[in-house]
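Visitor: Sequences and hints are given; from them, build the entire structure.
So the sequences go chain by chain: A and B.
Under this note's numbering, the residue at position 123 of the first sequence is numbered 123, and the numbers go up by one with no gaps.
Under this note's numbering, the residue at position 246 of the second sequence is numbered 1246, and the numbers go up by one with no gaps.
Hint data in this document are derived by calculation from the structure and do not stem from the laboratory.
Using N, Cα and C, we set each Cβ at its ideal position, and we do this for glycine too.
Fair warning: there could be bad hints in the mix.
Using 20 Å as the maximum straight-line C-alpha spacing, the simulated EDC-like pairs for lysine to aspartate or glutamate come out as follows [said to hold, decoys possible]: (1) B/1131 to B/1097; (2) A/2 to B/1111; (3) A/2 to B/1090; (4) A/2 to B/1197; (5) B/1030 to B/1152; (6) B/1226 to B/1152; (7) B/1103 to B/1117; (8) B/1208 to B/1090; (9) A/2 to B/1108; (10) B/1248 to B/1197; (11) B/1208 to B/1218; (12) B/1226 to B/1255.
Covered by chain A, per the in silico footprint, the following chain B stretches (three or more residues, Cβ under 8 Å) [as the list claims (entries may be wrong)]: (13) 1048-1060; (14) 1085-1092; (15) 1104-1116.
Next come the chains, spelled out residue by residue.
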Amino acid sequence: MKYLALLRKEIRECLPWVLLAAGILFVFGFQMLLNNPIQSIIFPYHLDDQANETIESAYLFRPSTVASVGSILLFISLCLGAALSIRQFWFPSFTRTWAFLLHRNITRTAVFLVKITAAVLGFVLSILSIWTLLFLYSVFAADYSPPPMPHVWLEGLFLISQGLVVYFASSLSSVLTAKWYTTRLFPVIFVFMSLYFCFYPKTPALNFLCTGLSMLILALPLWQEFRNRQF
Amino acid sequence: MNDFVLQTFQLTKYYHKTPALDHLNLCVPKGCVYGLLGRNGSGKTTAIKLILGLLAPTAGRAEVVGHPSDNLPPSLRSRIGYITEGHHLERWMTIRELEHFQKAFYPDQWDRRFFAEMLDYFELSPKRKIKTLSNGQRAQVNLALTLAANPELLIMDDPTLGLDAAVCRQFLEGMVHLIQKEGRTILFSSHILSDVERVADRIAVIDKGVLRADCTLEEFRMQIRKYLFEFPQPNIPVDTLPGLIHSKQNQQMLEATVVKTPEEAIYEWARRHQAAVEPVPMSIEDQFIEFTGPKQAQKLFSWEMPV
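Guide: Listed below in structure tokens is the structure:
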């Protein structure tokens, strides 16, 4: 019951940002689908002359109209990641509500897990669901030629997952008590490196693997720091 | 197994190189209302946060019902109520939402009727959002939330800070309500003596992180006294006065506050220096201020200078 109450509180606190992200993606996404017949793809840098043939046959990198939403999807995802982490891990320091939350009969690990669950749910319920809606619209309702392949949806999922990497990095930066220009900056630097390495591999499996590893690298110290942080 | 609900052993906390708490040894017995007194920045909040495990000590340890503070199990935490300094609650919630949130953590202990009664008493509508409440009203909600969870140990960090006299009294009456329930222990910090005077059985005075007194209120009253001396000559040997903590000097007159000094010793000292002496009545507030004030403070502020 207490976990549910905590989850409800966390979701409610994230809700304005989640709704804002969903709204922006919905409006701009559909506008792009309706007004932009140009077919583009999410990973344009893979389309160099040498790799073109391989990429054309690769399962993740086929051009489609819905994929043109990719750029805005990535941007919104990164912004949502930063916004949620600031709301969950920095804002309570500003409002001085950490003590009100943490003195309760609940472990810090549980609080941490509930916060992460709320953030992931925020991503799933907002931009992932809108992305799925856009994808389904382009498959079933719109008359695109060629119709988007199912793997395009995975491309979107990959872009959304980058937002979670930013979420973990920004959360770690918020929880760290070092000066902002020292250790606190490391997670942010790591995100830029991570984004490069996540997009670099030519196979989808490796793309997702790099993303997962980046999240893990950030989540472990975040958990450790949150457990030991003095509030 | 002892009867202390709360104990600290040489509890020390440094913020970088600044000591906030220095080897604090406290024992709070079961069923006691314990007032933690100290001026702003004396280390009261630090002590409370260390006891609750919200801060890690630099040295020493604290125990709550025999459990080390840095690892209090959730089952024990459910028996502790904590009122934070400044009454910082989730501002976006309504009082009703906050009640549901709090209730979820204490489902077996939650006293719904008591919470409703407290809101009625404080004339607060459950529909109001926390962000629309004044500081005093937030304090009232915080007290109702904490007391309705029926804690066995209630820890309050300067709960009356920033409240007006009427709200402060209501708040303390709420506290008394809990005290009336058998076996409850209360530890509360304050820098307002009248609050402590009204409810505390025992007090601890912390000054610059150091425990200066740990006694009953009556003992504290008895130990600190002020005397007015009149000397025949202006050169007064103030430093030889036993137990001196504070003095003000003006030519042949000396106003001195002493601690833990028998009256006979004072009169004997006055007789030796051919001084006339008379006791000066002190309120407990004066006693506290002089006890925690700068030692041997003889330097006057500009507005205190004799013309």
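Visitor: All hints, please: hold or fail.
Guide: Results for each hint:
1. B/1131 to B/1097: Holds. Residue 1131 of chain B to residue 1097 of chain B sits at ~13 Å (cutoff 20 Å).
2. A/2 to B/1111: holds (17 Å)
3. A/2 to B/1090: holds (16 Å)
4. A/2 to B/1197: Since the Cα atoms of residue 2 of chain A and residue 1197 of chain B sit roughly 38 Å apart, the hinted pair is violated (cutoff 20 Å).
5. B/1030 to B/1152: holds (9 Å)
6. B/1226 to B/1152: Distance of about 40 Å is beyond 20 Å: violated.
7. B/1103 to B/1117: holds (16 Å)
8. B/1208 to B/1090: violated (32 Å)
9. A/2 to B/1108: holds (12 Å)
10. B/1248 to B/1197: violated (27 Å)
11. B/1208 to B/1218: Between residue 1208 of chain B and residue 1218 of chain B the Cα gap is close to 23 Å, so the pair fails against 20 Å, i.e. violated.
12. B/1226 to B/1255: Satisfied, since the Cα-Cα distance of roughly 7 Å is no more than 20 Å.
13. 1048-1060: It holds, with 5 qualifying residues against the three required.
14. 1085-1092: Held - the segment 1085-1092 of chain B has 6 residues with a Cβ nearer than 8 Å to chain A, which meets the minimum of three.
15. 1104-1116: holds (count 4)
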